[in-house]
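Fit chain B to the given chain A structure using the hints.
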Amino acid sequence: MKYSELQCTSNFSFLRGASHPEELVEQAASYGYRAIGITDRNTLAGIVRAHLAARTLGIQFIPACRLDLQDGPSLLAYPTNVAGYAQLSGLLTTGNLRAEKGKCHLYKADVYHQLRDIRLIVVPPTVLNGQFEFDQTFEKQTAVYHDVFGDRLYLAASRRYLGDDAKQLFRLSQLSSRLGIPMVATNDVHYHEPDRRPLQDILTCIREKCTIQNAGFRLHQNAERFLKSANEMKRLFHTYPEAIRNTQEIAEACQFNLDMLKYEYPEEITTEGRTTLEELTMLVWKGAHERFGDHITEKTKNAILHELKFIREMNYAAYFLTVYDIVRYAREQKILCQGRGSAANSTICYCLGITSVDPSKFDLLFERFISSARNEPPDIDVDFEHERREEVIQYIYQKYGRDRAAIVATVTQERQRGSIRDVGKAMGLSIDTIQRISSSVWEFTEEWFEGKRLTEQGLNPDDKLLRKTLQITQQLMGFPRQLGQHTGGFVITRGKLSDLCPVMNARMEDRTCIEWNKDDIDAIGFLKIDVLALGMLTCIRKAFDLAKQHYGLDLTLANIPQDDPLVYDMICHADTIGVFQIESRAQQSMLPRLKPRNFYDLVIEVAIVRPGPIQGDMVHPYLRRRNGEEKVEYPSKELKEILGRTLGIPLFQEQAMKIAIVAAGFTPNEADELRRSMATFKAQGMVTKFEKKLIDGMMERGYQREYAQRVFKQLEGFGSYGFPESHAASFALLVYVSSWIKYYYPDVFACALLNSMPMGFYQPAQIVIDARKHGVEVHPVDVNHSDWDNTLEEKSGSFHVLRLGFRQVKGLRAEDMQLLISARANKYSNIVDMREAGISQSVLEKLADADAFNSMGMDRRMALWEISTGNDHPAGLFAGKIPGPSSEENISLPLMRKSEHVVQDYAAMSLSLKAHPVQFVREKLEQLHILSTDDLKKHRNGDLVKVAGLVLVRQRPGTAAGICFITIEDETGCANLVVFENLFDQYRKEILQSRLLMVEGKLQVEGEVIHVIVQRCFDMTRLLRRLTEVINDELPILTLARADETSIPAHAQEDIFHKGRNFR
Amino acid sequence: MARRFVSIWFRHLKTDWFSIRQPLLFKIPFVLSVSDHGRKIITDVNEQALNLGIEPGMAVADARAIFPSLEVLDDDPLLSEKLLKAIAEWCIRYTNIVAIDPPDGIMMDVTGSAHLWGGEEKYIADIHLRLKNRGYDVRATIADSIGTAWAMAHYGGFTTIVENGKQMEALLSLPPSALRLDINVTDRLHKLGLNQIRNFISIPRAALKRRFGKELILKLDQALGNEDEPLNPVQPIEPWRERLPCLEPIVTSTGIEIALQRLLHTICHRMQQEGMGIRKAVFTGFRADGKLEKIEIGTHRASLNAGHLYKLFEDKISTIEPGPGIDLFMIEALKAEKISPHQEKLWDMICGLEDPGLSELMDRLTNRFGYTPVRRFLPSEHYLPEKSFKESVSLDETSDTPWLNGRPRPLQILSRPERIEVTAPIPDYPPMLFRYLGKLHKIKKADGPERIEQEWWLQDGPHRDYYSVEDEEGQRYWLFRSGHYMENEKPKWFIHGFFA
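The listed protein sequences derive, respectively, from chains A and B. All residue numbers for the first sequence refer to the numbering used here, where the first residue is 1 and numbers rise by one. All residue numbers for the second sequence refer to the numbering used here, where the first residue is 1 and numbers rise by one.
The set of hints was computed from the structure by calculation and includes no laboratory data. Glycine included, each C-beta is placed from N, C-alpha and C at the ideal position. Careful: at least some of the hints might be erroneous.
To be verified - Derived, one-sided and incomplete: chain B residues facing chain A with beta-carbon distance under 7 Å:
no., residue
1, 53
2, 65
3, 70
4, 211
5, 251
6, 255
7, 381
8, 383
9, 387
10, 408
11, 450
12, 456
13, 457
Stated by the list, open to error - Restricting the straight-line Cα-Cα distance to at most 25 Å, the calculated cross-link-like pairs of lysine-lysine (DSS-like) are:
no., chain 1, residue 1, chain 2, residue 2
14, B, 444, A, 167
15, B, 311, B, 338
16, B, 387, A, 464
17, A, 637, A, 548
18, B, 442, A, 209
19, B, 122, B, 82
20, B, 214, A, 846
21, B, 27, A, 846
22, B, 387, B, 442
23, A, 209, A, 101
24, B, 445, A, 167
25, A, 795, A, 810
26, A, 468, A, 595
27, A, 234, B, 132
28, A, 946, A, 924
29, A, 595, A, 637
30, B, 27, A, 989
31, B, 82, B, 335
32, A, 773, A, 938
33, B, 387, A, 468
34, B, 439, A, 167
35, B, 387, B, 338
36, A, 937, A, 924
37, A, 167, A, 140
38, A, 713, A, 640
39, A, 773, A, 548
40, A, 209, B, 311
If we strip away everything but chain A, and leave its shape as in the complex, we get (with noise of 0.2 Å):
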């Protein structure tokens, strides 16, 4: 008599089990079960990881629910067939739609109209009454469901171990003779091992917002939710063994299983009655003939076939065609965007428009993006401009419909430093003491789970609550915590998106998600596209439509000038402030190593300042290489042609991918596998495996056990963080874009840029003054010329003038400044004049503060004083009179001095066309002997030099060994600091303090590449308070009450100056 487990509670019942399906598989498969089913509460969001298990173990899985119901006790479902699974996802659909994100709202009429296809189980009350009896109220819904599900209903029994088992089966066997209802055995599990026990109580804890201590009887109170084995489930049910054979009925009844699940294609995709692969060679064409005109050279055409008969093989055609129509559809809205992605960068898309990288720059084969052997879809991402990409996402719903279309979920994990708060907090814990804990782990190592940090942070590591503590949090990381929604990733059915999956709302409103994620989907074999947004598209459009109107220029993605060498000489020259991607400052000090000459140039520096080949250790042996300053080589033929184009160091994900399969022997699936195993903390154990397959592997093939280590470490490198080349070779296309702009029309680009913000690395300051430094006049916020956005107006010199716009004061809103444009007909000439046409005190002040009075003759503190009477409301007689100007009452107030007005402008906009705050105390700094930035480049390597600047940003990778690099900002141009660790604990204050940051150090220089090596900091920010000190002052020098600086209020100097982007 066999028995399979029916009732599992996997740990996607977030905060309930405390087991990972594929655990609860694994463990049942020991067991030799030949079936098990999962029922979490309400989802089936951890089905496909169970399924994936169960065929990997070659045991049943029974994709299952437990539907817990608003009015009625709870059933476990299990679909017997295709449709009875369509049934259950859809009641879920239901109950997930008509409630909030991550609640599902079911009733006993909708599981009656619902569920036809499906074996149920009704879950009893786990106590009895006072009179040993079960509920009156359940047995009579029991009864009630019966009569709606006839012989498909069973009833649960249990051993809880709670002492009155036998009277509770006792129960359970009358009232299923009584009403004709089967017993099944269940146990209810919760955990696949009783060691979980803790963690289970922990989650619990979580749950219910308590701590261990005080959680009470909201915890189990033994350990018996374990996966139990089939034997000893015998024994518990002996009297009733029926229960037992019971479960091999349902199991045997329960013949459905994912893989019968069909994915088909969207269909409303051509026209004309052509089939898909008809429609798709027809718009290939057409789209070849605008791309390359009438005459398309052999080549093309070739590739064109070729690809097109790859595609007919593996019916991609609907693919290749929904992902075209949603290009269509934002081209037709004039909404910028790009594709990327494995299949993106093939010539089929190029003529489709999907992408505007030309393929002939790549001389790559289809299939090596597209793999033929894993049978999966092909990948296609596009991004859209982001301020208008929610446009494309509702087209997509609005064609399709919602109950074809759904965005792919994210299933959140729980990380290290979640997990140890949530479990900290359970265990009672201070907060000072999680605190401490968490702040102790830089990273994840076995090293801290053995206590050693601990010891760092005055924490005794021996502590039992401690250890337990850690214990728990090891088991709880990798944990699913929710399910949010996937940035963009689009899964669009031909019929009923929730016959597949269940479907729920997501937190945004109009948006609705499925319950699986990525990787489910991708083992299922569903279609995604990612529908992304990307900022830099916004701003590139911005700069289309300013080249346009102003330069008459008709620019597209694809048409910009190719292979410009002045632009690639800006490149060099790591002149690339603002430039998509390259505009970092590690990339801005790669730049002129690398050189980049040519688009593949570009491909490569996008793809190489990334963790993965910085901690691989690619990054040097590249710029040897490419220097000449060492020898090109390639330890086998193969490999040659994998590595050539990167000059034998493999620098993209692919190639690591490759190499795997090429020198290591592993299928394309093992690869896959191999990267997701690294890419998380979970499968430890895996990597190992993997390892010594690789080595192995790879000293078969005849290679040196040295270079396969060098391999795998690199390898490792790319499973978190690799970039592929399919994704650069777009993104390279947007850099090449943005730089062009830049070098010849640095107006337009400063004007798009500022007009897309937030966005890139830098603040808006650092962009004004390098227009600034580019030729282009800046002209500042004026109530009477500033538009909303920031504007081109007419030309001086070689470029148009840049006129700051409102958006970059701080605090106004733009519907306010709608209305003071649309009332300017007539310029403004005075503040009356303002205030009838309904802009507020507030506005008004805001815009004094601004300085945005020029043109009216007034400066910020004149236009202030006007303004400042509108505190004073007319009252009786006056009532709703505006109170006229002041200027009869001929008070004079103090001049404002230059450096007063650059501080209020930082105030208010964060930048300044007046001067750059260091300009004022530079005299000061000279008599300190410090160096301006550009001074630096009068001096040789070695040099003892000092710098001061205000801090623009602060960064301490995780992969540079914690060092910190600092950029800092004077009226000259800016600095790169490096700050070794022991230095930073030194003068961590300083670093993370100052606004205005002195160093002495080292110069090191490396051709246009200039650091300074610190050696010490100086915190200078008082220096900058000096700018708005108050000049004749009698106060006693030594004043150590709250007004020892008479400047301007110490809260508001604060915010004045960025303090610097930061690490965290």
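Below, chain B without anything else, positioned relative to chain A:
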């Protein structure tokens, strides 16, 4: 006579208080914090922390980034007011009119007080010194107006005395915030370049009022002494204490009884007005020879029933030795609790715990025999039987937890389970016979097991399998086996309780 005011500013009121209690804190940087949406926000810092650049409003995490070993203590939002009230009461030694000036100051009307200390200089110096000796870092200034005294204490450096009528001169070089203005107003003044009071004091009042509102004018006039400003002085709380002096020393127990009754009557009457009742009281007799005679009583629930309280004292009156005679009696409520209004209707029909008769009976029993024989138990949320109850200390104490019904629990539980010899089928079926205190019990009926695990966060150890069993004589017992049945180990059995 010109009025004079003293403003005292505690520069680090709360952090000083913490340091006074833990002197180590004087030497290290530390901060106070509260939790706000899961983030810990700094509310106060001491001098050392301030010097590191750590300021109120920062997140603790950010401050720790600057100074990793920063000490962080929990702030109590009511603390500063509590402290100020206590200090204000203490300050009554300097004048009768003392007000608190939240969040960190004291304001006193000291008109005519200073000469008792030998002049204003000595007066202020004394305030300074005494507070400093207690551990507080303070600034204090005396002036003609509240406004000027405040301004100079906070912004005037070490100025301690503003001479009669010199407010204007004192204020001129101070920033506008010295006038206790709204932050929006001071911000605007600074933006206009009016960084010191001198910059705007001569601007026509009408022009100022138009832009900065009445408040500025009022505060200015108050500081200059042209406008009155009210103070809200603290009223010290009197202890619940009543005295009864006697013309002749009392030596008889009758006399003592009468005194006690009268005192009880008065104090109950007074406390009733304040809604308080007695939990603990002491009755003291001051003997003519200087010795004190005391008797003390306690109740299980706050009481104002003078008759009942008298009965509690009555048993102890005999212990009072009047000696040469008692010339002063005093009663004091050492512990008082709020009394709920329904308790006043004492003699309505109320049953169970609410019945005042019960609590009064318990009071009498415990006053006579001590606390041991009368005990009350409440359920406690633990599965382990020996931890599933706790003793209550007050009749008003309730438990949020219900008694664990639905599980078999014996009426009598042994304080320690006792080892027994058991014969039982394996692995976990109920036992067949057991031997307890030398007697063999044959089990006729049994139920179980109920499996209860250890509280793993406190201790490890085997679980218990509990069985309720009935022997031939119809006696029922609660037995358990410790741990699983093991093949090569004799299982350990215990008896833990008796059913009826």
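Here's how the hints hold up against the structure:
1. The restraint placing residue 53 of chain B at the interface with chain A holds, with a minimum CB-CB distance near 5 Å, inside the 7 Å limit.
2. Taking 7 Å as the C-beta cut-off, the interface hint given for residue 65 of chain B holds, the closest approach to chain A being about 6 Å.
3. Given hint, residue 70 of chain B at the interface with chain A, is violated; its Cβ is 11 Å from that chain's nearest Cβ, farther than 7 Å.
4. Because the smallest distance between the Cβ of residue 211 of chain B and any Cβ of chain A comes to about 4 Å, under 7 Å, the interface hint for this residue holds.
5. A cut of 7 Å between beta carbons decides the hint on residue 251 of chain B: the least distance to chain A is about 57 Å, and the hint is violated.
6. Hint on residue 255 of chain B is violated. Least Cβ distance to chain A is approximately 54 Å, over the 7 Å limit.
7. Taking 7 Å as the C-beta cut-off, the interface hint given for residue 381 of chain B holds, the closest approach to chain A being about 3 Å.
8. Residue-level restraint check for residue 383 of chain B holds (minimum Cβ-Cβ distance to chain A is 4 Å; threshold 7 Å).
9. Here the hint on residue 387 of chain B is broken, as its CB sits about 10 Å from the closest CB of chain A, past 7 Å.
10. Interface restraint check for residue 408 of chain B: the shortest CB-CB distance to chain A comes to about 6 Å, inside 7 Å, so the restraint holds.
11. Given the 7 Å rule on beta carbons, the hint for residue 450 of chain B holds: about 3 Å separates it from the nearest Cβ of chain A.
12. Hint status for residue 456 of chain B relative to chain A: holds, with the closest Cβ pair at about 5 Å, below 7 Å.
13. Hint on residue 457 of chain B holds. Least Cβ distance to chain A is approximately 5 Å, under the 7 Å limit.
14. Of the pairs offered as hints, the one joining residue 444 of chain B and residue 167 of chain A holds, with about 17 Å between alpha carbons and a cut-off of 25 Å not exceeded.
15. For the hint linking residue 311 of chain B to residue 338 of chain B, the alpha-carbon distance of about 22 Å falls within 25 Å, and the restraint holds.
16. About 21 Å separates the Cα atoms of residue 387 of chain B and residue 464 of chain A, which keeps this hinted pair within 25 Å; it holds.
17. The suggested pairing of residue 637 of chain A with residue 548 of chain A is violated, with an alpha-carbon distance near 51 Å, which exceeds 25 Å.
18. For the hint pairing residue 442 of chain B with residue 209 of chain A, the CA-to-CA distance comes to about 48 Å; that exceeds 25 Å, so the pair is violated.
19. Our distance criterion of 25 Å between C-alpha atoms is broken by residue 122 of chain B and residue 82 of chain B, whose separation comes to about 28 Å.
20. Proposed proximity of residue 214 of chain B and residue 846 of chain A is supported: the alpha carbons are some 23 Å apart, at most 25 Å.
21. Of the supplied pair hints, the one linking residue 27 of chain B and residue 846 of chain A is violated, its CA atoms being roughly 45 Å apart against a limit of 25 Å.
22. Taken as a hint, the residue 387 of chain B and residue 442 of chain B pair is broken in the structure, with Cα atoms around 30 Å apart against an allowance of 25 Å.
23. In summary, the hint linking residue 209 of chain A to residue 101 of chain A is supported, as the alpha carbons are separated by about 20 Å, within the 25 Å threshold.
24. Among the hinted pairs, residue 445 of chain B with residue 167 of chain A is consistent with the structure: their alpha-carbon atoms are about 14 Å apart, no more than 25 Å.
25. As the CA atoms of residue 795 of chain A and residue 810 of chain A are separated by approximately 28 Å, the hinted pair breaks the 25 Å bound.
26. Restraint check: the Cα-Cα separation between residue 468 of chain A and residue 595 of chain A comes to about 54 Å, which exceeds 25 Å; the hinted pair is violated.
27. As the CA atoms of residue 234 of chain A and residue 132 of chain B are separated by approximately 79 Å, the hinted pair breaks the 25 Å bound.
28. Straight-line distance between C-alpha atoms of residue 946 of chain A and residue 924 of chain A comes to about 13 Å, which keeps the hinted pair within the 25 Å bound.
29. Under the criterion of a C-alpha separation no larger than 25 Å, the hint pairing residue 595 of chain A with residue 637 of chain A is inconsistent with the structure, at around 28 Å.
30. A hinted pair counts as satisfied when its Cα atoms are at most 25 Å apart, and residue 27 of chain B with residue 989 of chain A qualifies at roughly 19 Å.
31. Among the hinted pairs, residue 82 of chain B with residue 335 of chain B is consistent with the structure: their alpha-carbon atoms are about 20 Å apart, no more than 25 Å.
32. Distance check on the hinted pair: residue 773 of chain A and residue 938 of chain A sit about 20 Å apart at the alpha-carbon level, within 25 Å; holds.
33. Restraint check for residue 387 of chain B and residue 468 of chain A: the C-alpha separation of about 22 Å stays at or below 25 Å, so the hint holds.
34. Of the pairs offered as hints, the one joining residue 439 of chain B and residue 167 of chain A is violated, with about 30 Å between alpha carbons and a cut-off of 25 Å exceeded.
35. At most 25 Å may separate the alpha-carbon atoms for a hinted pair to count; residue 387 of chain B and residue 338 of chain B exceed this at roughly 32 Å.
36. Taking the CA atoms of residue 937 of chain A and residue 924 of chain A, the gap is about 21 Å. The hint holds against a cut of 25 Å.
37. For the given pair, residue 167 of chain A sits about 19 Å from residue 140 of chain A by alpha-carbon distance, which is consistent with the 25 Å threshold.
38. With a CA separation close to 19 Å, the supplied pair residue 713 of chain A and residue 640 of chain A stays within the 25 Å bound.
39. Of the supplied pair hints, the one linking residue 773 of chain A and residue 548 of chain A holds, its CA atoms being roughly 24 Å apart against a limit of 25 Å.
40. Taken as a hint, the residue 209 of chain A and residue 311 of chain B pair is broken in the structure, with Cα atoms around 49 Å apart against an allowance of 25 Å.
In summary, the structure is inconsistent with hints 3, 5, 6, 9, 17, 18, 19, 21, 22, 25, 26, 27, 29, 34, 35 and 40 from the numbered list given earlier, while agreeing with the others.
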